[in-house]
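Keeping their order, the protein sequence lines are chains A and B. Read left to right, the first sequence gives residues 1 to 388 (my numbering). Read left to right, the second sequence gives residues 1 to 388 (my numbering).
Quick caveat, the hints were computed from the structure, so don't treat them as lab data. Because the structure is a prediction, the values reported are computed rather than measured. Treat the hints with caution; some may be incorrect.
[Unchecked claim] Computed footprint of chain B on chain A, listed as stretches where at least three residues anywhere in the stretch have a Cβ under 8 Å from a Cβ of chain B:
#1 27-41
#2 211-217
#3 325-336
#4 357-370
[As the list claims (entries may be wrong)] One side only, chain A facing chain B, incomplete, derived with CB under 10 Å:
#5 A70
#6 A75
#7 F77
#8 M81
#9 R84
#10 L110
#11 G163
#12 L306
#13 A307
#14 E379
#15 V380
[To be verified] Negatives, chain A to chain B, calculated, CB over 10 Å:
#16 D15
#17 A44
#18 G175
#19 A249
#20 V312
#21 Q375
#22 G377
Cβ atoms here follow ideal geometry from the backbone N, Cα and C, with glycine treated the same way.
Number of protein chains: 2
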Amino acid sequence: MSLLLTGIGLLATQDPELGEIVDAALVIEDARIGWLGRAGQAPAADTAVDLGGRCVLPGFVDSHAHLVFAGDRAAEFAARMTGRPYTAGGIRSTVAATRAASDERLRLNLARLAAELRAAGVTTFECKSGYGLDVETEQRSVRIAAEQTPEVTFLGAHVVPAGIERADYLDLVCGPMLAACAEHARWVDVFCERGAFDVSESRAVLQAGIAAGLRPRIHANQLTAGGAVALAVELDAASADHCTHLSPADIDALAGSDTVATLLPLVEFSTRSPYPDARGLLDAGATVALATDCNPGSGFSTSMPLAIALAVREMRMTPAEAVYAATAGGAKALRRTDIGRLTVGMRADLIALDAPGYLHLAYRPGVPLVARMWQAGQEVALGLSPTQ
Amino acid sequence: MSLLLTGIGLLATQDPELGEIVDAALVIEDARIGWLGRAGQAPAADTAVDLGGRCVLPGFVDSHAHLVFAGDRAAEFAARMTGRPYTAGGIRSTVAATRAASDERLRLNLARLAAELRAAGVTTFECKSGYGLDVETEQRSVRIAAEQTPEVTFLGAHVVPAGIERADYLDLVCGPMLAACAEHARWVDVFCERGAFDVSESRAVLQAGIAAGLRPRIHANQLTAGGAVALAVELDAASADHCTHLSPADIDALAGSDTVATLLPLVEFSTRSPYPDARGLLDAGATVALATDCNPGSGFSTSMPLAIALAVREMRMTPAEAVYAATAGGAKALRRTDIGRLTVGMRADLIALDAPGYLHLAYRPGVPLVARMWQAGQEVALGLSPTQ
Numbered sequence: 001m002s003l004l005l006t007g008i009g010l011l012a013t014q015d016p017e018l019g020e021i022v023d024a025a026l027v028i029e030d031a032r033i034g035w036l037g038r039a040g041q042a043p044a045a046d047t048a049v050d051l052g053g054r055c056v057l058p059g060f061v062d063s064h065a066h067l068v069f070a071g072d073r074a075a076e077f078a079a080r081m082t083g084r085p086y087t088a089g090g091i092r093s094t095v096a097a098t099r100a101a102s103d104e105r106l107r108l109n110l111a112r113l114a115a116e117l118r119a120a121g122v123t124t125f126e127c128k129s130g131y132g133l134d135v136e137t138e139q140r141s142v143r144i145a146a147e148q149t150p151e152v153t154f155l156g157a158h159v160v161p162a163g164i165e166r167a168d169y170l171d172l173v174c175g176p177m178l179a180a181c182a183e184h185a186r187w188v189d190v191f192c193e194r195g196a197f198d199v200s201e202s203r204a205v206l207q208a209g210i211a212a213g214l215r216p217r218i219h220a221n222q223l224t225a226g227g228a229v230a231l232a233v234e235l236d237a238a239s240a241d242h243c244t245h246l247s248p249a250d251i252d253a254l255a256g257s258d259t260v261a262t263l264l265p266l267v268e269f270s271t272r273s274p275y276p277d278a279r280g281l282l283d284a285g286a287t288v289a290l291a292t293d294c295n296p297g298s299g300f301s302t303s304m305p306l307a308i309a310l311a312v313r314e315m316r317m318t319p320a321e322a323v324y325a326a327t328a329g330g331a332k333a334l335r336r337t338d339i340g341r342l343t344v345g346m347r348a349d350l351i352a353l354d355a356p357g358y359l360h361l362a363y364r365p366g367v368p369l370v371a372r373m374w375q376a377g378q379e380v381a382l383g384l385s386p387t388q
Numbered sequence: 001m002s003l004l005l006t007g008i009g010l011l012a013t014q015d016p017e018l019g020e021i022v023d024a025a026l027v028i029e030d031a032r033i034g035w036l037g038r039a040g041q042a043p044a045a046d047t048a049v050d051l052g053g054r055c056v057l058p059g060f061v062d063s064h065a066h067l068v069f070a071g072d073r074a075a076e077f078a079a080r081m082t083g084r085p086y087t088a089g090g091i092r093s094t095v096a097a098t099r100a101a102s103d104e105r106l107r108l109n110l111a112r113l114a115a116e117l118r119a120a121g122v123t124t125f126e127c128k129s130g131y132g133l134d135v136e137t138e139q140r141s142v143r144i145a146a147e148q149t150p151e152v153t154f155l156g157a158h159v160v161p162a163g164i165e166r167a168d169y170l171d172l173v174c175g176p177m178l179a180a181c182a183e184h185a186r187w188v189d190v191f192c193e194r195g196a197f198d199v200s201e202s203r204a205v206l207q208a209g210i211a212a213g214l215r216p217r218i219h220a221n222q223l224t225a226g227g228a229v230a231l232a233v234e235l236d237a238a239s240a241d242h243c244t245h246l247s248p249a250d251i252d253a254l255a256g257s258d259t260v261a262t263l264l265p266l267v268e269f270s271t272r273s274p275y276p277d278a279r280g281l282l283d284a285g286a287t288v289a290l291a292t293d294c295n296p297g298s299g300f301s302t303s304m305p306l307a308i309a310l311a312v313r314e315m316r317m318t319p320a321e322a323v324y325a326a327t328a329g330g331a332k333a334l335r336r337t338d339i340g341r342l343t344v345g346m347r348a349d350l351i352a353l354d355a356p357g358y359l360h361l362a363y364r365p366g367v368p369l370v371a372r373m374w375q376a377g378q379e380v381a382l383g384l385s386p387t388q
């Protein structure tokens, strides 16, 4: 089956970088892109859809999200907005609610957030565990996450939970917990931060994960400029995430590596923190990704478009750089070569905006602009079902 | 006909100020609120809807929006984000597109923005002219606006258009243009600002409008701390809008008046400007409203929830203060006593959030949380139809 999309006012392919075709068309053949180019040269197809001048771009790739949990922390958020600082400690309150929740409850919560992500234009998302912090709940978390996405990350090393010694917990994470989770996960992650795990502990966790067949990614330099970015580069992690506090050496290390700097401005927004130095990273030649970091503590948003708007407003990325970071950048942060760009042979994951161009993602903050979505060539409904 | 809404997890009535009822119910009788209180005490009604624990609050009142125009200014926005400052001059490019547009085009554009406002939870919006700046197009603008809302504002004095002398344009605004527009409008407004109209000119425009039966509101102190706020108070304007640059005397004047300070943080967001001193205004006792200022130049967003999130993040309003400003504050800025709060006898304009409380409006920025809406007691569909 082939489908011709015509009437594309602007096709933002992201290949080559920031590539754009005006007055374009695109042919989907089964799950892949079969052809794209100027509308006047489009081949025939089994069916056709006229997009009426809309802008088409790759579906967003959200490479950092914590979506398996129960409860919320709205009151903690409101207290923080009156001046209380964000620390890693609040994670433990979500852990209690998550352990107490049934599989069905966790599944419903994840399904709601996955639907929100789709409505926000996300065609691929990563999903971390890390609110179980015992073998049973971590295993439940990665198993449930794997029902919704192949990009599952084991984050047993989120914080040390109450009731267990630090060294014992690290042994648990690197031993029985990892063993129970590895078959459901593709990635291993660690919160390398003051109040969570230091560089040496983080290295041990990631190396154990690598030995179990997982690939590393790291929560790095969110609250302090520690050694997490250097560790990410040392281990060839796919991504160093947050990068809120970077030294010049960190920027150079990222620019000289295959490790993506994944920036999460919705977290800086919701914690009233300074934004990361995106310009420094981009100007040095590092690859930057944008992701939501949707989680109940430091930033409970699924809005990739708002992350793009913040990147432009607060981090002085151009709209084109921000869209690239939210698509091709996110794909690189997941080491995926089949998504994040629109070229022949790529997976047909794409969105059409109710706007003539992608500038509108930043120009119209907060406005729901994602009009239509195709995932692996199939059109997907974008309505939100009510919270259960 | 009566309708019982049950299962309201939190009813944020805004009366008395920030009033809240946990585990509540509400009865709509025709277009009005017939009863509200604890769920266990609810009377019978013809039909019932269980809201499953959702938060209910008054529909948002957007007291400042420019919605009748053609064209967009995405490229000007992108240039501004690279460092070019915002000035009043860009308005003229929208004027050219608006004059050239058919009534039908203007109607379609307005309908799309009105649908976006509804999807964002707005049950009442104000709509200004000001992109015509000749008698014919200003008259078309207010006439088309009046098809969608009773809160129509004549803003012929937006800027002096090209091709006419300043004094001649003021004569036109206060004479034939006002005469052609007054029957379709409730309000008269002026852009009192460097590059637009000075205090003396603004006073003349507003006094002419008052003489024609309109009530005054003012674009005040957006770019500079001139005398616009003092003029607003002098003329008992319903609202002084923007208030980005305020002197202590301005704050005192507003606090001692019935003039609402309408803050428009989506504009500061989209122009990368400093935010107004909401805390100074609130602590002095002024009434604050939040509105979108949706317009193609300085901020093209219809998202009242994002305005609330910005008020909390950037202006240090509490979530409760921000919701009050977006509901009861907006109603006062339109001198409306029948909307903006939920009490017996008020118009049944209300929304249900896909969230247990209103904190989520700031806690979940960019997420579409408005699940259901009733306007004058009738449920309204919230889907967006595609741009024409």
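field: List of violated hint numbers, smallest to largest
entry: When the structure is compared with the hints, numbers 1, 2, 3, 5, 9, 10, 11, 14, 15, 20 turn out to be violated.
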